[in-house]
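Trainee: Spelled out, the chains give:
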Amino acid sequence: MRLHANQGGKTMLGGNFLGRAGASFAALIAVFVLFAASAAQAQQPIVIGASVSQTGPLAVDAAYHLRGLQLGVADANAHGGWLGRKIELKYYDDQSNPGTAVRLYTRLITEDNVNLVVGPYSSGISQAVAPLMNKYERVMPAPGASLPAIFAPGNKWNFQLLPPATGYLEGILPLAKSQGAHTVAILELQLGFTLACGQAREAQAQALGMPIIYGASYALPQPDFSSLALAIKNANPDVVVLCSYYPDAVGIAQALHRIGYAPRFLSETIGPAEAEFISALGPIANGIISNTSWWPNLKTPDNAGFIARYKAMFNNEEPDYHVAATYAAIQVLGAAVKATNSLDQAKMRQWLLTHEVETVEGVFKSDANGLSTKFGQYMFQIQNGKRFLIWPISQAEAKTQIPYTGQ
Amino acid sequence: MIILQLVVNGVLLGGTYILLAQGLNLIFGVMGIVNLAHGAIITLAGLFTFWFATKTHQSPLLLLPPVFIVMLVVGGVLQRLLLEPLARLGRRGELLNLMVTFGLSYVIIETGLNLFGSQYVSLPDLQTTWAVGGLAINEALVAAGVLGALISGGLHLWLHHTESGKALMATAQNPTGAVTCGIDVRRMRGIAFAIGSALAASAGVLLILVIPLSAPTADTLTILSFVIVALGGLGDYRGAVMAAIILGLVQSAVGYYLSGDAEVVVPYLLLIVFMVVRPQGLGRATR
Amino acid sequence: MNLDARRLGRWIERRLGNPTSAAAPVPAPGRERIAIAVLAVLVLCAAVAPLFATAYVLQLATDVLTFAALAYSWNIISGCTGYLSFGQVSFFGIGAYATSVLVLRAGLPWYVGALLGSGLAGLAAALLGTVMLRLRGIMFALGMLGLARILMVVAGNWDYIGAASGLTLPAELTPIAVYLATWVAVLAAFGLNAFILHSGWGLSVTGVRDDEVAAAAIGVPTARIKVITFVMSALAPAAVGGIVAWNRSFLDPPSAFDPTLDLQVIVFALFGGIGTLWGPALGTVILVFVGEQFWAYLPDLQLALYGVLVIAVVLAFPGGIVGIANRLGWLRRRPVLAPAVFPVVARLPRPALQGGETIIEVRDLIVRFGGLIALNGVSLSIRRGEMVSIIGANGAGKTTLFNAITGFVKPSGGGVFYQGKSVSDIPAFQRARQGIARTFQIPRLMESMTVWENTLLAARYGKRADQAVDQAAWALQTVKLDGLWLEPSTKLTPGQQRRLEMARALALDPTVILLDEVMAGMTRNEQGEIRAVLRQLRGFGIAGVAGVEHVISAIADISDRMIVLDRGSKIAEGPPDAVLRDPLVIESYLGKVS
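Chains A, B and C supply the protein sequences, listed in that same order. Numbering of the first sequence is given in this note's numbering, commencing with residue 1 and proceeding in unit increments. Numbering of the second sequence is given in this note's numbering, commencing with residue 408 and proceeding in unit increments. Numbering of the third sequence is given in this note's numbering, commencing with residue 695 and proceeding in unit increments.
Excised from the complex, chain A in its bound form (with noise of 0.2 Å):
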């Protein structure tokens, strides 16, 4: 293989040799001098730092997730910031990468010396920064990190901004039990929330007496469900949970389709909130009933003007879920700085643990260790490719459309 060049003839250094080491040792000088460059920005404003996911697989929901930012920080400058200073966000691309995170806040920290962090979107590079906090003793709102196992106790800056993951889909269960359903098959990608969700449909199907006739679990992205459709085929379960990403979502809608089979109740996580689900499945899309944990048309203070301002910013676009978390992660950091007057951490951390904020998204109420206690649950059901809350029943838009037919 020649893509080497590899001669002989002379020494590793060559001919003239204190010039040339003269030149490396200067090279390396005006390397560090560089880097130097980098150095902590001018502290007048209030910054707040944050890892975004702009490249890599995470890129498309990370960028709701920073929207959500940008729309939090301009309305709290549009209401003259806090303690009397504007706000500004300085963020990095962790390109969808765990370790890449940890390294941008451990700069944001000590080199930008920012004065408040934000946590970065999923529950996998949440849970890879959250050590970081215990250790620079940050106060760390995280929006993007439904995973319960991030706020053991040992952790204690971090706090989640989303309902725990255990809670996702937690509705449908009762709603198809009352409505005769019986046996349930659980689906779940073995990855750290979607787990957390599938174990816990798992409990409750059978607390509530529910025989689960069929399961799967995965560890890797499946390109090919026709397998799996086929064995749920097989086992005719009322109730199909899925726990898992969007790509899962699709692909086993799909698979179902194409084996010829639809479940009484079809539930997914994830997926269906994005934008492209619909458009991706067309008319298979009808009765597939999914979670979130926020809603146009919640009754949460100023969720009106919210949407109205998250339009005007970005294209006409609606907000999702995403973007009502990280909003709320702002809301949540203003009110503590407000409350205790000042940007110290520890004071900060003592107040958030104690008290309750309300927030576009619900409530947000945290334990001990930094869960979430009181964002609601929701869900909804694509009928006629749009979207329509469906439970709980008391804040429903429209009746659930039962079964689910992929027409």
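Errors might be hidden in some of the hints.
[What the hints assert, rightly or not] Below, computed lysine-lysine pairings styled on BS3-like, alpha-carbon distance capped at 30 Å:
no., chain 1, residue 1, chain 2, residue 2
1, A, K156, A, K135
2, A, K299, A, K338
3, B, K462, A, K311
4, A, K86, A, K338
5, A, K386, B, K462
6, A, K386, A, K399
If you are wondering where the hints come from, they were derived from the structure by calculation, not from laboratory data. This one's a predicted model, so the numbers in the text were calculated from it and none came from an experiment.
Starting from the structure of chain A, add chains B and C where the hints point.
Mentor: Same frame as chain A, now just chains B and C:
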């Protein structure tokens, strides 16, 4: 009945694989150029088709002819610029080809990421599922398989029964000899890569109806295509078809009786096993 | 730059073609020592500086070192051995898990865990290597990629190591400990690279990369070497994997077997200079620093820029940064075991051996390639003290005969016997070591080595370093190539290349030499030079010589016996003048006279 359905699923899956791998069989199997950008080309074409169909609400099949022609030209240009300089190195250049196409794949993937985002996309066309005697057969899968088989057959006929096709085979087997027969080998190399890329792009247009595609996972398609080409025997079309169907059947069965994860590793296990036990693949072509 | 492909191709050829001037003498050791000392001081400064900087700089430096360790390890198997691997992350993951489990469940200190994890990965590499390294080229690369995915599935389903939820690890390591530990890993990986690129043993590795077949023909145990370097390439990634897992306090299958790690490492090593000693370090340092500054401004183009960089490096400067530096006279590789001046070695001629004992015997040899019968029951023998010429029209099977004798082709029937014993179970490299040397019809020289190193590689087996040096020097003197000893082998004329092939055969200290068309394409003068060497061979203790030849005039008078093959069968045998007048022989060359 389950077994029959598994067989149907497997064959249909194999049909998808045939479509996936054909362009690569020409470039790698016949010409020996390791085109790591194969999956990226398929994906970019598929993403573009998605964008077109959702914006204009026209049938994606309309894109097949223009995409094929555009990719013919683009493929020819890319080959001239990036691969032709390495062609004179013969055997030494094999790994350099690999690296160049490796770099190219990332350029294409980034283009896809920027233009179309990183999300999986798919199109809800050709969604009818026919119930035939208790078996479920999906329209999109059948279309993919039929098109794949047609392309396969067409390529085989062209390579073995036409003047230009045989000239191409000659160039692949012995460039110096081909030159002495008056064959313009430089043009042949350009044609092979152009057609191979055009086939990959066309495959992408159809595949978006069958499986979700996304820019970040383009390399999975590349690997899968290489496995099929290698299992079938480089350059052997019958072998590739056999390999694709066998792979589909094995995956279908493993996915049902074992687990989804086991199904995912089947191609890699098969590759390793085959390369050690029968390196020339399933087909009869010797190289 | 004109885009015409022909000119582009020539431009590239010039770059790949080692445009050095005449060989420079190997410099004095004193200067070398000063160079190494200054380098050590520089490295020490670079190592110590981040300890006094901010936490961010320390973290960044640790990341750079992590990548450097991975790049050096990738360099071992892909750069130095020539087996491009797209799945080295497999060992990273194995090390990460092994370390974590050993520390969590067995309560070992973490550095012990990392060392043991490293050992475990090495063991895994040894086992996997025997299977994987049989795959060539792209298949090996893909196989390794597949291996990484298979391991991810296994890890995701194995409860003892946390399955898909992964392992949470208590935060035990200080950043400084991590930094220093990573330095140890980098130095180890660097040391392995230095050993491969500068030692006599390492020359075998380069030989495997350049031409596995030729390497086997000069006694290099290629299969064993590949497995050893594969094991070497697994050690540092495993150690680093363990350190990173503990630094992050968390480990799960996707982070352990993350494929983007491989991509970055490959780009860094390629950019720096694949297969070189300084390439991986330079590539990693430059690209990580550049990356830190640029990705903030151009997040949307990162992957594309990596891709363009790879293309640019391959097409414009395949040697990477080090390749460019080489052309400026910097960072050039020192020829292995080359003394300061060419050693002049006197070798007493040994008495010519007389005839009798059979050295090589071929009995009813049949070789089939599919439907084609290349050798159809050929029997012949080469006896001590004689020189045999084997002639025949094209396609007669002459080279196939040599290939069968030396072990590069497996006979379908019959047998080959060396000094009375059958060699059918003995692999090619072993036959070379036992004394059967050969040259190739088209010279197969190691292209990245100098004339000296090509010869030294053949001389190494079974000798101490100084003996090998002497043997190599003598071989080069004999073929009169000592004046060009430090030239890159690619710069030789065809005649000189033939002579280098012969020098390699001589350096093996063989019992019998098989020469495959050694006169082809030589001028009269060159033929004369080779004939002079051939005449001396008996005085070197070489028991027998067999030569396949077309240029019959050049060998007829120095052969003791001539054998003629025609379409796989022996049709004549005897003293040259009798054979050359045999009507059957004439007919096989010229056709029937009707």
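Trainee: Compare the distance between the alpha carbons of A/K386 and B/K462 with 30 Å, and conclude whether the hinted pair is satisfied.
Mentor: Distance ~19 Å between A/K386 and B/K462 Cα, so the pair holds.
Trainee: Does A/K386 pair with A/K399 here, judged by a C-alpha cut-off of 30 Å?
Mentor: 13 Å, holds
Trainee: Hey, A/K299 versus A/K338, does the alpha-carbon distance stay inside 30 Å?
Mentor: 24 Å, holds
Trainee: When you check the alpha-carbon spacing of A/K86 and A/K338, does it fall within 30 Å?
Mentor: Distance ~13 Å between A/K86 and A/K338 Cα, so the pair holds.
Trainee: Tell me if the straight-line CA distance from B/K462 to A/K311 falls inside 30 Å.
Mentor: 21 Å, holds
Trainee: Given the proposed pairing of A/K156 with A/K135, does the C-alpha separation stay at or below 30 Å?
Mentor: Judged against 30 Å, a Cα distance of about 10 Å means the pair holds.
In summary, the structure agrees with every hint in the numbered list given earlier.
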